[in-house]
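*Asks:* Single-letter residue listing:
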Amino acid sequence: MSAVHDELYLPRRSPVHALAPEAKIVASFGFVAMVAITPRRAVWAFAVYATVVVVGYLVAKLGPVVMLRRMSVALPFMTAAAFVPFVAGGPTVEVAGVALATEGLWGSWNIVAKAGIGAATSGLLASTTPIPDIIRGLGRLGVPATITAIITFMFRYLEVIVGEMGRMRVAMTSRGHDPRWLWQAKPIASAAGALFIRSYERGERVHAAMLARGFTGRMPEMGRRRASASDWAAAIGVVVTAAAVAATSILGAR
Amino acid sequence: MHAPDGFLTAGTALATGALSVASVGAAGRAAAAELKDRQIPLAGVAAAFIFAGQMFNFPVAAGTTGHLIGGALAAILLGPSLGTLVVAIVVVVQALVFADGGLTALGYNVLNMAVVPAFGGYALYTLFRRLFPRSAAGVVGATALAAGLSVVLSAAAFSIQWLFGAAAPVPFDTVFGAMVGVHLLIGIGEAIITALAVSAVLSARPDLVYGARDLDRTQLQDRTRVSTRVFVIGGVAVALLMAAVVSQFAVDNPDGLERVAEDEGFIDTAEEHALGGSVFADYATSGVGNESLSLAIAGISGTVLTLAVGLGMLGALRATGSSGRSNAPDAAVG
Amino acid sequence: MTTDHPTIPALDVAGLAYTYPNGHEVLQGIDLRVEPGERLAVLGPNGAGKTTFILHLNGIIERQTGAISVAGLALADDTLAEIRRRVGMVFQDADDQLFMPTVREDVAFGPANLGLDRDEQTVRVAMALQAVGATHLLDRAPHHLSGGEKRRVAVAGVLAMEPELLVLDEPTSGLDPAGRRELLDLLASLDLTQLVVTHDLPFAYELCPRSIIVSDGRIVADGPTRELLAQPELLAAHRLELPLGFHVD
Chain A
27 MSAVHDELYL PRRSPVHALA PEAKIVASFG FVAMVAITPR RAVWAFAVYA
77 TVVVVGYLVA KLGPVVMLRR MSVALPFMTA AAFVPFVAGG PTVEVAGVAL
127 ATEGLWGSWN IVAKAGIGAA TSGLLASTTP IPDIIRGLGR LGVPATITAI
177 ITFMFRYLEV IVGEMGRMRV AMTSRGHDPR WLWQAKPIAS AAGALFIRSY
227 ERGERVHAAM LARGFTGRMP EMGRRRASAS DWAAAIGVVV TAAAVAATSI
277 LGAR
Chain B
330 MHAPDGFLTA GTALATGALS VASVGAAGRA AAAELKDRQI PLAGVAAAFI
380 FAGQMFNFPV AAGTTGHLIG GALAAILLGP SLGTLVVAIV VVVQALVFAD
430 GGLTALGYNV LNMAVVPAFG GYALYTLFRR LFPRSAAGVV GATALAAGLS
480 VVLSAAAFSI QWLFGAAAPV PFDTVFGAMV GVHLLIGIGE AIITALAVSA
530 VLSARPDLVY GARDLDRTQL QDRTRVSTRV FVIGGVAVAL LMAAVVSQFA
580 VDNPDGLERV AEDEGFIDTA EEHALGGSVF ADYATSGVGN ESLSLAIAGI
630 SGTVLTLAVG LGMLGALRAT GSSGRSNAPD AAVG
Chain C
1456 MTTDHPTIPA LDVAGLAYTY PNGHEVLQGI DLRVEPGERL AVLGPNGAGK
1506 TTFILHLNGI IERQTGAISV AGLALADDTL AEIRRRVGMV FQDADDQLFM
1556 PTVREDVAFG PANLGLDRDE QTVRVAMALQ AVGATHLLDR APHHLSGGEK
1606 RRVAVAGVLA MEPELLVLDE PTSGLDPAGR RELLDLLASL DLTQLVVTHD
1656 LPFAYELCPR SIIVSDGRIV ADGPTRELLA QPELLAAHRL ELPLGFHVD
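Chains as they are written, first to last, in my numbering: chain A, 27 to 280; chain B, 330 to 663; chain C, 1456 to 1704.
Honestly, the hints are just simulated from the structure, not real lab data.
You may find that some hints are simply not true.
[As the list claims (entries may be wrong)] Reference listing, derived: stretches of chain A covered by chain C, where coverage requires no fewer than 3 residues with Cβ under 8 Å from a Cβ of chain C:
#	segment
1	89-95
2	226-235
3	240-247
[Stated by the list, open to error] With beta-carbon atoms standing in for the labels, derived distance ranges:
#	chain 1	residue 1	chain 2	residue 2	range
4	A	GLY89	B	ALA351	38 to 46 Å
5	C	ASP1532	B	LEU514	52 to 60 Å
6	C	THR1590	A	PRO65	45 to 53 Å
7	A	LEU94	B	GLU363	39 to 47 Å
Where a beta carbon is used, it is the ideal one built from N, C-alpha and C, also for glycine.
Chain A on its own, in the form it takes in the complex (with noise of 0.2 Å):
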């Protein structure tokens, strides 16, 4: 199931990888679920989280590079969020001889940490686990059987509908056709309907192909490795860790 081009995953021989991908899972939400509670104030706390990540990376073989790269899907809210300070009212602070509102920098600076810390742990996630562990995972933690079958099939279907939509596209730019305004839109919005008419007929065939093997409506069981102790122990540690954190944060800052 690889090879969807924007596929996060990079193969690597580290203990992160081989973790279970339901303990991977539950490690990252619960890691950033205590990293977005914590209050904006308690700067040293979001030094300790930013250390984890990094930590983290470079376990998993990652390095620097790779986390800036996951950390720059949180880019466009980080640099809306840096304008804040710019136009908040309240008391200021003269930085570079520019007055910044102190309200404002604190607010940025609460969502640039938050993003940036959440935008790694999950880009972490989505680098060390593969498309079908993640599914895995998924299940084992209680998402029911049809949804992840759902996910699975998505995956394996979207290639071939990007493919089919890539067809589309060269037949049309074969005939002259290069839109560059809305109203222009037409050919592409057919082809758009066209589209989902070929994949809704191959949904139909697909499930033919299930009947013809025996399916009944609930996916068979076709388990696999589950997650070890050390597993569990290894995000269970992660998670008590930012919790601690967490807490002291919140504490200190009554």
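Add chains B and C to chain A, keeping to what the hints say.
*Replies:* Quick look at chains B and C alone, frame taken from chain A:
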């Protein structure tokens, strides 16, 4: 609009998360009951189609391109249950697999980018269907308006969440104005592309358009032409109306901002905020003591007002169109 | 169902008729008996009802009129699961059939639905892939396979259920000549009753001693392939034609 972690407070994240889980869960169960053993393959390819569709650029102006959100498209083609489920799955996968959108932001991301545009889009669609003639053209017209407004609804939903759980001191009115304003423009593109795509499916396989399943063969043949130009004119007119309402909120009173920032929040003592001559200028003293609540009421009233105006306009459209010919260009600008 | 034959037919179809919702009578009374081990080509023009016919055989299309039995078991609501095991269907577009993320999982899909446990699934998968010569493809993703490889894996997916009857819909479409040859050799090596819907007349000639021509929802010819293909007027009447230079000896 895949918001990152920390964009809204934890309370908001949890509340929207609970709402999302409840609504997507309900949608999933309804879809399973309708489709039975067809659900997995159909939802899978539909999700792939929506995912691919969101990656797909359509031209906007001078070579710049836009992207579809696809909530209304999914709901009108697949039905509100399957449509919502499918778009929600796409949003979740984008966060987990592509790190696009924060993990703790899933609550509001799913709500704003799946539940609101799909369910809300479909609700708007059924509303507009009642006003348009019962024909293929009517379906396409209703689709355009529903899709365009679904984007605005999405922006409005986010703004209301910002009202309750903002992580930075940017006041509601600024956010509402900016978000809704920008999304009005995005909505025009979404409206046109969605309508044309549904139109294409309708001509080849009308049985695949959930929102048109009530039409019989003769009604489907009724493609009294409503040209693309009409949609654009209609869309711009709706946009102008909404902008007129929205601008009331976008007028920033520096005093108001300062006060809000100083208090580190939106809960304020009942004080007057001048908003330059609009109908809602005195919202803070209109008898509603809590400023947040009154802002929310004003926001909602604004939306309802616009919808009412829009509906009235559409009613006029329908009346002129009932003779079978669409005189839309005149009515739309009126 | 006739009683003068001592063996149980692999497939027995009697009076099969089907009308689409729009009123088109796509099948107008099909009677067919296939003996165990026979290889039968189903020829005919597009729109003749060939695909509709084969989709009846495993109950994907719900019967309106007529009776079907596979290796003695009559097709009915309560026998559907077993019929679907006995009839191994290979669809025209292999991408519709290889819907799991890896070859291993896809070939295991059928056995898993039969209720086999993981070890039994593994055995079936290995056996099926070996039969089609695709053991090396075990952990590959279907999307990256060639047309010929996809076709072979699709056949494996069906073989893993240990069917009585193999039904293939246009198996050579999209294959290059070498892929076609490999498929032919594979099917010839399988000790199974086979029904092959195809436009590839030389393929039918090489693989299937017996052919039927389906046209306008009826069987208009049934006999040794050699004899049918030697009648140009019969072929032409049903939009069939031998490739240039191909002669039936």
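*Asks:* Hint by hint, note whether the structure agrees.
*Replies:* Structure-based check of all given hints:
Residues of the segment 89-95 of chain A with a Cβ under 8 Å from some Cβ of chain C number 0, which does not satisfy the need for three, so the listed coverage is violated. Residues of the segment 226-235 of chain A lying with their CB closer than 8 Å to a CB of chain C number 5, which satisfies the three-residue condition for coverage. For the segment 240-247 of chain A, the assignment as covered by chain C holds, since 5 residues bring a beta-carbon within under 8 Å of that chain's beta-carbons and 3 suffice. The supplied range of 38 to 46 Å is met by GLY89 of chain A and ALA351 of chain B, whose beta-carbon atoms lie about 41 Å from each other.
For the pair ASP1532 of chain C and LEU514 of chain B, the beta carbons lie near 55 Å from each other, so the given range of 52 to 60 Å is met. Between THR1590 of chain C and PRO65 of chain A the Cβ separation comes to about 59 Å, which falls outside the hinted range of 45 to 53 Å. The hinted range of 39 to 47 Å is satisfied by LEU94 of chain A and GLU363 of chain B, whose Cβ atoms lie roughly 46 Å apart.
Violated hints, in rising order: 1, 6; the structure is consistent with all others.
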